[in-house]
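Build out the structure end to end from the sequences listed, making use of the hints.
Chains as they are written, first to last, in this note's numbering: chain A, 1 to 160; chain B, 1 to 755.
Worth double-checking, as some hints may not be accurate.
[What the hints assert, rightly or not] Once the Cα atoms are required to be at most 30 Å apart in a straight line, the calculated DSSO-like pairs of lysine-lysine come out as:
(1) B:K434 - B:K754
(2) A:K148 - B:K13
(3) B:K639 - B:K539
(4) B:K286 - B:K753
(5) B:K379 - B:K282
(6) A:K56 - B:K31
(7) B:K639 - B:K13
(8) B:K158 - B:K282
(9) B:K639 - A:K148
(10) B:K13 - A:K81
(11) A:K81 - B:K31
(12) B:K286 - B:K379
(13) B:K388 - B:K158
(14) B:K388 - B:K639
(15) A:K148 - A:K81
Calculated from the structure, these hints are not laboratory results.
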Amino acid sequence: MSLTIHFTLNGSPVVFEVEPEERLVHTLRERAGLTGTKLGCGIGECGACSVLLDGKLVPSCLVLSAQADGHEVTTIEGLSKNGLSDLQRAFVEEGAVQCGYCTPGMVMAGEAVLRRYQRPTTRQIRAGIAGNLCRCTGYAKIVSAIRKTARRRAHRRSGR
Amino acid sequence: MDKTPSVVGARVKRIDAEDKVAGRTLYPSDKTLPGMLWVEVVRAAHPHARIREIDVKPALEVPGVVRVLTHRDVPGENAFGIQIQDMPVLCFDRVRYLGDAVALVGAETRQAAREGARRVRVDYEVLEPITDPEAAMAPGAVALHPKGNIMHQGHFEKGDLAAGFACCAVIVENDYSVPMIDHAFLETEAGISYYDEHGRLTVDACGQYIYRDQTQIARALGLPLHQVRVMAPIVGGAFGGKDEVTVQIHLALMTFHTQRPCRMVATREESIVSHTKRHPVKMSYKTGADRQGNLLCVQARFVADTGAYASLGGPVLNVMMEHAAGPYRVPNVKVDGYAVYTNNGFSGAFRGFGCTQACVGLESQMDLMAAALRLDPLKFREQNVLHKGDLAGLGYPMTCEVGAGRTVRSAQRGALYRSRRRRAPAKPATPSLKPYLRRGVGVATQMQGLGLGIGIPDYAEVGLDLRPDGTLQLRAGTNEIGQGAYTAYLQILSGRLGVPLSRLSMVGADTALTPDSGTTTASRTIFAVGKAVELAAEKLERVLGERAERAFGWAPGPARLQGDQLAGSGGRRPLRELLGDEELSVQAVFHVPVAEREMGDGLPHRFYSFGTHVAEVEVNTLTGEIAVTAVEAHLDGGKVISRTGFEGQSEGGIAQGIGYALMEEVRLEGGRFLTTNFHTYVIPTSLDVPEDLRTVPVEVREPEGPYGAKGISETAMVGVTPAVLNAIADALGVRFFRLPVRAEDVLAALQEKKT
Chain A
1 MSLTIHFTLN GSPVVFEVEP EERLVHTLRE RAGLTGTKLG CGIGECGACS
51 VLLDGKLVPS CLVLSAQADG HEVTTIEGLS KNGLSDLQRA FVEEGAVQCG
101 YCTPGMVMAG EAVLRRYQRP TTRQIRAGIA GNLCRCTGYA KIVSAIRKTA
151 RRRAHRRSGR
Chain B
1 MDKTPSVVGA RVKRIDAEDK VAGRTLYPSD KTLPGMLWVE VVRAAHPHAR
51 IREIDVKPAL EVPGVVRVLT HRDVPGENAF GIQIQDMPVL CFDRVRYLGD
101 AVALVGAETR QAAREGARRV RVDYEVLEPI TDPEAAMAPG AVALHPKGNI
151 MHQGHFEKGD LAAGFACCAV IVENDYSVPM IDHAFLETEA GISYYDEHGR
201 LTVDACGQYI YRDQTQIARA LGLPLHQVRV MAPIVGGAFG GKDEVTVQIH
251 LALMTFHTQR PCRMVATREE SIVSHTKRHP VKMSYKTGAD RQGNLLCVQA
301 RFVADTGAYA SLGGPVLNVM MEHAAGPYRV PNVKVDGYAV YTNNGFSGAF
351 RGFGCTQACV GLESQMDLMA AALRLDPLKF REQNVLHKGD LAGLGYPMTC
401 EVGAGRTVRS AQRGALYRSR RRRAPAKPAT PSLKPYLRRG VGVATQMQGL
451 GLGIGIPDYA EVGLDLRPDG TLQLRAGTNE IGQGAYTAYL QILSGRLGVP
501 LSRLSMVGAD TALTPDSGTT TASRTIFAVG KAVELAAEKL ERVLGERAER
551 AFGWAPGPAR LQGDQLAGSG GRRPLRELLG DEELSVQAVF HVPVAEREMG
601 DGLPHRFYSF GTHVAEVEVN TLTGEIAVTA VEAHLDGGKV ISRTGFEGQS
651 EGGIAQGIGY ALMEEVRLEG GRFLTTNFHT YVIPTSLDVP EDLRTVPVEV
701 REPEGPYGAK GISETAMVGV TPAVLNAIAD ALGVRFFRLP VRAEDVLAAL
751 QEKKT
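In structure tokens:
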């Protein structure tokens with residue numbers, strides 16, 4: 001028995017027929033074809049499947065698709081709808097991308113940090129991405145990219 | 001001549017970064033095809049058992065299941081393995097570890113495939129698992145393979161050990177134990193298979209060497225090589241864990257039998273159970289030095305648990321033995337090593353490739369000897385490091401450029417090591433340091449063989465296509481597994497041709513399009529493939545010169561590209577006048593030079609990278625927690641091609657080295673895995689890796705490499721673990737001989753020290 005769910009995906013209304021036990025990561029990757037959201041562990045430990053649900057960072061492998069019904073989901077594809085976001089550009093500039101499999105989830109986690117804190121400390125950045133595993137980079141350049149974006153956004157805000 | 005162009009050694013944006021950061025890159029696990037089947041593997045239910053019967057009928061009754069394959073359906077040789085083909089594609093008489101594949105289920109949906117896999121009935125005669133390598137080696141032990149359980153052994157002797165020890169003022173003898181660990185690449189094993197437009201059975205899946213995968217697939221399917229195509233340009237991390245075949249043969253087999261496209265994506269649990277691991281090793285070291293601090297003797301014995309199948313266990317053990325005496329001049333050396341079959345998973349390639357384990361033992365010994373001699377640990381190392389022309393541990397001469405001493409001196413000058421005195425144990429100089437915190441600083445020096453070594457074909461071929469508009473496409477068969485080599489190849493090409501990066505593009509890892517550039521392993525790609533890129537650039541200019549000589553009457557000599565123009569002795573002409581609408585393609589191959597004399601499979605290497613790591617830890621004596629607070633890496637990888645890539649490798653290596661020292665262990669009980677996902681197999685997060693990471697390039701140029709470059713990816717990790725161990729010993733005055741060192745180990749040790 002499948003369910004019909006309606007939600008806003010990267011700004012557009014979508015409808016899917018899903019299984020009752022289906023996880024959001026599956027709906028995004030296999031039904032919506034948005035493979036930017038990755039699957040690394042399936043138990044909410046690695047963060048590769050991180051998306052924003054109503055602006056809040058969640059591991060989409062632990063969210064039932066039915067829980068998204070009536071809500072707003074933002075994936076990595078949504079962040080770069082109009083070209084790369086400032087945070088994504090900073091990841092490229094800082095060399096924060098290696099194999100890149102953790103990168104979409106890491107960018108989502110970074111975006112959540114930046115939405116939560118206007119001027120995040122290094123500690124806050126590190127804590128904010130602690131749910132996202134990266135095996136390639138040692139995290140330093142990822143932290144730099146988030147910090148750089150925070151500074152740029154602060155600068156933009158103060159310029160207004 | 002040495003005017004290095006600015007693009008070489010620079011911080012450039014990776015060519016793959018924008019697509020990756022946008023989520024646009026398609027990884028093996030992202031690929032789908034219309035009409036494809038999902039393939040699930042029925043894996044062994046016991047770590048050691050005889051198969052009496054396999055009944056696939058119940059699986060075929062599941063709606064959606066299209067085909068179930070067993071050993072009877074393997075048309076070619078039902079065996080694979082990089083070095084020794086001792087591993088069945090699908091088991092027929094016996095299973096030897098929990099990851100063994102017994103049957104494959106192809107179904108219209110993943111759910112149906114899983115249900116089908118659950119319903120395949122395998123009747124087993126359960127056998128006692130063999131889990132202790134020492135017991136497996138003993139006479140009379142049940143043999144897991146026809147030739148017995150000692151899969152590989154090596155024995156080397158140099159000098160006179162007894163006489164050497166007689167001259168020692170200090171002799172240190174210890175046993176060390178290092179655990180099995182998992183690569184924990186973020187993307188699990190995955191891929192698709194189909195027949196391409198030329199009727200080739202095509203596998204587009206994760207891997208680290210397309211041409212060897214092609215051979216392994218063709219052999220198992222009984223097909224000629226040209227009917228099998230393998231591609232794997234972008235892979236979500238590997239670290240050696242995708243060097244051996246994982247999903248490739250299974251995918252090909254299901255497509256072969258059903259004529260339909262197929263897809264596989266391993267769950268994390270399946271990944272951890274099935275793929276190779278870093279060998280758990282028990283080692284004994286006895287080392288000695290004279291009163292002046294000259295290292296006189298190194299005696300080492302390694303027993304490596306290679307698990308159920310060979311894979312690269314033999315070469316890993318060889319590299320372990322090759323590096324047993326590290327980057328030091330030692331007149332008297334004896335090394336004995338065994339790689340032993342058991343039912344504990346199976347082990348193979350992993351960043352460091354045996355060097356990692358040996359370095360933990362040796363660099364602990366080095367600190368203990370230095371302390372006994374009251375010598376500064378880095379001074380002691382500096383006094384004993386190898387120089388060019390010296391005999392290495394096993395007795396062969398070092399003919400490459402040797403930067404070991406320079407990495408030691410670079411570390412001596414570094415801020416972290418100079419702060420060591422001020423942070424001596426029990427005398428916290430930092431006012432903020434709480435009384436229950438102890439700081440310590442530790443070092444480790446090491447070397448790492450580059451490439452595959454003597455006796456194993458090690459070459460790289462690349463293709464280079466010049467279009468009439470002056471843009472170029474480089475074709476190389478290695479994989480982009482995260483290391484950033486594709487970008488570095490283009491930097492080398494840009495440097496040699498003087499063509500900006502924006503006019504260069506890259507096609508990677510497709511047996512139908514790219515030449516055989518060799519493996520994406522062994523820190524070799526920048527060195528070997530990069531050199532082939534240099535050769536291809538030279539060849540292109542030569543060929544252009546020859547053609548310009550014929551076409552335009554220019555004087556003999558190479559011609560240079562300038563945008564869409566060709567420049568040479570006769571001035572400048574549009575490239576199109578020479579090429580018309582045709583592309584000009586050249587190929588070049590580099591054969592990696594080898595040592596003079598072979599001492600074993602891949603043994604020894606001719607080229608090495610070197611490094612000295614300095615680590616600082618803070619240990620909480622109340623909770624036992626260890627925090628690594630700073631790491632400095634002084635790395636000789638020759639000339640740095642990509643500064644960003646170099647730092648990336650170093651920083652990632654530091655994180656992995658910390659994981660090996662403090663956190664990671666694949667735990668098994670009776671051959672069954674207790675750690676099957678990231679909740680129990682814990683790897684470093686952003687909170688476990690220090691903010692303070694410094695990577696110092698020590699650029700000792702190797703003339704054989706492109707621009708003098710070597711490789712760095714393994715050296716970047718290997719020294720980190722013993723440097724952390726030595727820092728803990730410095731902090732607490734207590735040494736650990738077993739990895740990982742966890743909080744409870746620290747508390748127990750401190751308790752013991754008190755009593």
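Status of the hints after comparison with the structure:
Using a Cα cut-off of 30 Å, the hinted pair B:K434 and B:K754 holds, with the two alpha carbons roughly 20 Å apart. Annotation: proposed proximity of A:K148 to B:K13 holds, straight-line Cα distance about 16 Å (limit 30 Å). Restraint check for B:K639 and B:K539: the C-alpha separation of about 23 Å stays at or below 30 Å, so the hint holds. About 24 Å separates the Cα atoms of B:K286 and B:K753, which keeps this hinted pair within 30 Å; it holds.
Note on B:K379 and B:K282: the hinted pairing holds, with a Cα-Cα distance of about 29 Å set against a maximum of 30 Å. With a C-alpha separation of about 28 Å, the suggested pair A:K56 and B:K31 falls inside the 30 Å cut-off, and the hint holds. Between B:K639 and B:K13, the direct Cα distance comes to roughly 19 Å. Compliance with the 30 Å bound is thereby established for this hinted pair. Distance hint between B:K158 and B:K282 is fulfilled; the C-alpha atoms sit about 23 Å from each other, no more than 30 Å.
Of the supplied pair hints, the one linking B:K639 and A:K148 holds, its CA atoms being roughly 29 Å apart against a limit of 30 Å. The suggested pairing of B:K13 with A:K81 holds, with an alpha-carbon distance near 21 Å, which does not exceed 30 Å. Only pairs whose Cα atoms come within 30 Å are accepted, and A:K81 paired with B:K31 is accepted, the gap being roughly 22 Å. About 21 Å separates the Cα atoms of B:K286 and B:K379, which keeps this hinted pair within 30 Å; it holds.
Only pairs whose Cα atoms come within 30 Å are accepted, and B:K388 paired with B:K158 is accepted, the gap being roughly 19 Å. Taken as a hint, the B:K388 and B:K639 pair is honoured in the structure, with Cα atoms around 17 Å apart against an allowance of 30 Å. For a cut-off of 30 Å, the pair hint linking A:K148 to A:K81 stands: about 21 Å separates their Cα positions.
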